[in-house]
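S.K.: This is what each chain is made of:
2 protein chains.
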Amino acid sequence: MSIKLYNSLSQSKEEFMPVHPKHVSLYVCGPTVYSEPHLGHAKTYISFDIILRYFQFCDYKTFYVQNITDVGHLVDDLDEGEDKILKKAREANQEPMAIAEYYARNYLDLMDELGLKRPDITPRATGHIPEQLDAIKKLVEKGYAYEVNGSIYFDVSQYPGYGKLSNRTPEDMMSGTRVETRSEKRNPNDFALWKYAEPEHLMRWEDPWRGQGYPGWHTECVVMSTKYLGDSFDIHGGGMDLKFPHHDCEIAQAHCLEQAFAKYWMHSNMLTINGQKMAKSLGNFITLRNACDQYGPLAVRYFIAASHYRSVVDYSEAALHSAKSALQRLHQVTRNLRQKLPENPKPKHQHFQKFQEHFYQAMDDDFSTPQALAVLFDLTKEANTLLSEKEPNLDAVVDAEYLFSTMGGSILGLIPETLEEETKAGEHLDQVMQLVIDLRKRFRNNKDYESSDYIRDSLHEIGIQLKDGKEETFWHWTNK
Amino acid sequence: MSIKLYNSLSQSKEEFMPVHPKHVSLYVCGPTVYSEPHLGHAKTYISFDIILRYFQFCDYKTFYVQNITDVGHLVDDLDEGEDKILKKAREANQEPMAIAEYYARNYLDLMDELGLKRPDITPRATGHIPEQLDAIKKLVEKGYAYEVNGSIYFDVSQYPGYGKLSNRTPEDMMSGTRVETRSEKRNPNDFALWKYAEPEHLMRWEDPWRGQGYPGWHTECVVMSTKYLGDSFDIHGGGMDLKFPHHDCEIAQAHCLEQAFAKYWMHSNMLTINGQKMAKSLGNFITLRNACDQYGPLAVRYFIAASHYRSVVDYSEAALHSAKSALQRLHQVTRNLRQKLPENPKPKHQHFQKFQEHFYQAMDDDFSTPQALAVLFDLTKEANTLLSEKEPNLDAVVDAEYLFSTMGGSILGLIPETLEEETKAGEHLDQVMQLVIDLRKRFRNNKDYESSDYIRDSLHEIGIQLKDGKEETFWHWTNK
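Residue numbers (the working numbering), protein chains in the order written: chain A, 2 to 481; chain B, 2 to 481.
These are calculated hints, taken from the structure and not from any lab test.
It is possible that part of the hints are untrue.
Since the list can't tell identical chains apart, any single copy or any two copies may satisfy a pair.
To be verified - Mimicking DSS-like on lysine-lysine, the simulated pairs with C-alpha atoms at most 27 Å apart in a straight line are:
hint: 1; residue 1: 118; residue 2: 88
hint: 2; residue 1: 118; residue 2: 325
hint: 3; residue 1: 355; residue 2: 23
hint: 4; residue 1: 62; residue 2: 264
hint: 5; residue 1: 118; residue 2: 89
hint: 6; residue 1: 89; residue 2: 62
hint: 7; residue 1: 442; residue 2: 468
Required output: the full structure, derived from the provided sequences and hints.
M.R.: What follows is the structure, given as structure tokens:
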């Protein structure tokens, strides 16, 4: 078995052949930390989290770097306009680095809440100024970049491959630039590597040109990925909107620095709302905080996993609601299986093996999470049939629970080791419920069925159902 | 009213006069991120958290910077030995920056768990290499530092004030250095600002001397504090063990860079275990993770707050246990007060005013948290007397609850807005308890006292007590 993935660079599915056998080096472009993440950010990072988890599950040793952009990302994503963080700092009357700190922590908290595995390194752009200056100086020395008024631009005429990732011709690119702006660039398609900073600019560093400047947005990822993953690494990922200019600019620089750079480029598609891209700049966003509070972080995760990472997903409240109930079905069947588990369960891998095969086939085929989820729901039906039997085969219960915990848990990250209601019930509620069950038994022993029915009805309103077993009575949450 | 604090520099209590009225700029030396924090770290950061909270409560606008050391802190704290992070990375066979990332996140998680207010900026040493190089170059130009074999040392003979914070003479210092080591320094007391790095050294940056090097431990805090707080700022804090050499080295550099630097120096004292300093290097430490798991983060907080920040605190299990029960008393009285609160309670500040005054007097006097806690316990007695009355004065209840929530909550951080058991009880347990209370009423109406007593006794075993009011029956947790 091998993993096939869609390489944006070749525009085709390729078999994954790592640079170093059984190792995966992964770099994903992280957020610019100047505002609350919205649901669109979650799509990118959840997608790559599942990809990472699948590699780990397949016994690859992973090394995952995801940067934080805390300087140099300008408002219009091209080379004009104010730095996003400086703009926010000015509006909030705060230190730029306090803005970056606040939103970085906020972002990292949300990623934790969504159950994302933490990257091995989360390097910051401001933490790699010498490395960026070093790369830029080399590009100038080699003739791929030039200085104008203390700013350094990459000269795209020196790199004919420019635009190959996004598959754009120079004419395509021209149409995207603002020709009316007077520019110091030689060619409107040239992009900034370093910008001259006036003395009043709040984030600036010494440079060998006009004295002080700050990095452009496109160099940080080149130097940080290769610093930590080596000149040649496996996968470079990010949102689809980063293909151009960001990733094409990275490729141009890495090529001219004679770095083999990323072997595979992977892009997660957009999240739309009413068919339009969800973006801070468009003002049509749902914050991730709100989505997590309203539906729960795992429902958000489910909503993203329910579509392929290369598909566009349209947001609607209904879609989140249905993600939440689908998730609850998975949790319920897992909970029911776990209640039946013997002590020290050891899966024998004899039952439901074809579900496992189909699941891996789906994941091996460019991480097709929708198909993988479909397999989980087929398995849910089988598991419910098993559970409805009077004395379910315990080996089958153990095997089924193992599959939900690995495929739905370890890989998709949707089924935690301890399920919500198991915790909610808690030690004390269970003790009080034992008392209630005792009292009901007393009433029934005294043939006071009015009172015992009163207990059953009252519990039902609370959302608790009693189930009389042979010896004991159990209670569980009803699905309301 | 004014705040007096002990300035380590003058070795006396001084009235706090901020650089800018009603503003406090605070820099506290953060951790070197190469291992699990132990209880000794908590003492430093909890102490400064309470100091910060008190300033905020007194309407100061605070700006708090706490660094993270991720390079340059050598094993023996002087200028010899391996970099602590590199050593750990070598042992764990991992990237040094992955080690720093892991332990930084781990540290920040624990600080969140302890309820510490997050610093406004958490700058990293590796994120400020250009700034450090800039300062070091200036010191060389001014003749305060010299180069040997690509390393730069501060020349203490050029700064006669060296050692003034720790009150050491050059002879005192000499006794602490290892004279037997062959050294390239001119004077054994000179300290490293920058160290030459062999090509195989994993963390190194370009420098203007022998090509590549890495910063010493003592320059980062000078450049990061002044970069974000200005050349002249209010308070520089840290653990007592940082006085020498770290803080004396900082003062020397800042002086020679003509920076006014910190106006007040504050040092929290050591945590000992059987009278010996708790330290990673001594191997006699309790990890903060274990302490939080075993006693709860707020009990750890209480244990630290129960002593003055300038006192040595000796760790023992008994001390943590008694901290936990003292904390529970504070929580219990607050919980009882909160249960009696009317809707939309508005404190009138008429009752218990002398407790508030005494609390502020204690805090104004160099943040005397033990005295402040004593006031809270005096208030606890008064509040319990109030609560034992048949119809307690509601204005008094509101005022008392306000005092526990502000003094014990906002300032000391010991009483959260929502108390643990209030959450543990939760919506569902309360609903089930209402059913149990209903059932007991049924039994009593039917004069079945055996069954109603059975309910009371069973609940008592669970740790729940019933209290019959005029109209209704309430339940609360017993203190077991």
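S.K.: How would you classify residue 89 and residue 62 at a CA-CA limit of 27 Å: within, between, both, or neither?
M.R.: Between copies, since 20 Å is at most 27 Å while 39 Å is not.
S.K.: My question is about residue 118 and residue 325: at a cut-off of 27 Å on alpha-carbon distance, are they close within one copy, between copies, both, or neither?
M.R.: within (22 Å within a copy, 34 Å between copies)
S.K.: Within a copy, between copies, both or neither: which one fits residue 442 and residue 468 at a CA-CA cutoff of 27 Å?
M.R.: Both: 13 Å inside a chain and 25 Å across chains, each within 27 Å.
S.K.: Can you give me the call for residue 118 and residue 88, within, between, both or neither, at a CA distance of at most 27 Å?
M.R.: So residue 118 and residue 88 pass the 27 Å test across copies only (25 Å; inside, 31 Å).
S.K.: My question is about residue 355 and residue 23: at a cut-off of 27 Å on alpha-carbon distance, are they close within one copy, between copies, both, or neither?
M.R.: within (25 Å within a copy, 69 Å between copies)
S.K.: Should residue 62 paired with residue 264 be assigned to within, between, both, or neither, using CA atoms and 27 Å as the limit?
M.R.: within (17 Å within a copy, 50 Å between copies)
S.K.: Classify it for me, residue 118 with residue 89: is the Cα-Cα distance of at most 27 Å met within a copy, between copies, both or neither?
M.R.: between (29 Å within a copy, 22 Å between copies)
In terms of the numbered hints stated before, the structure departs from none.
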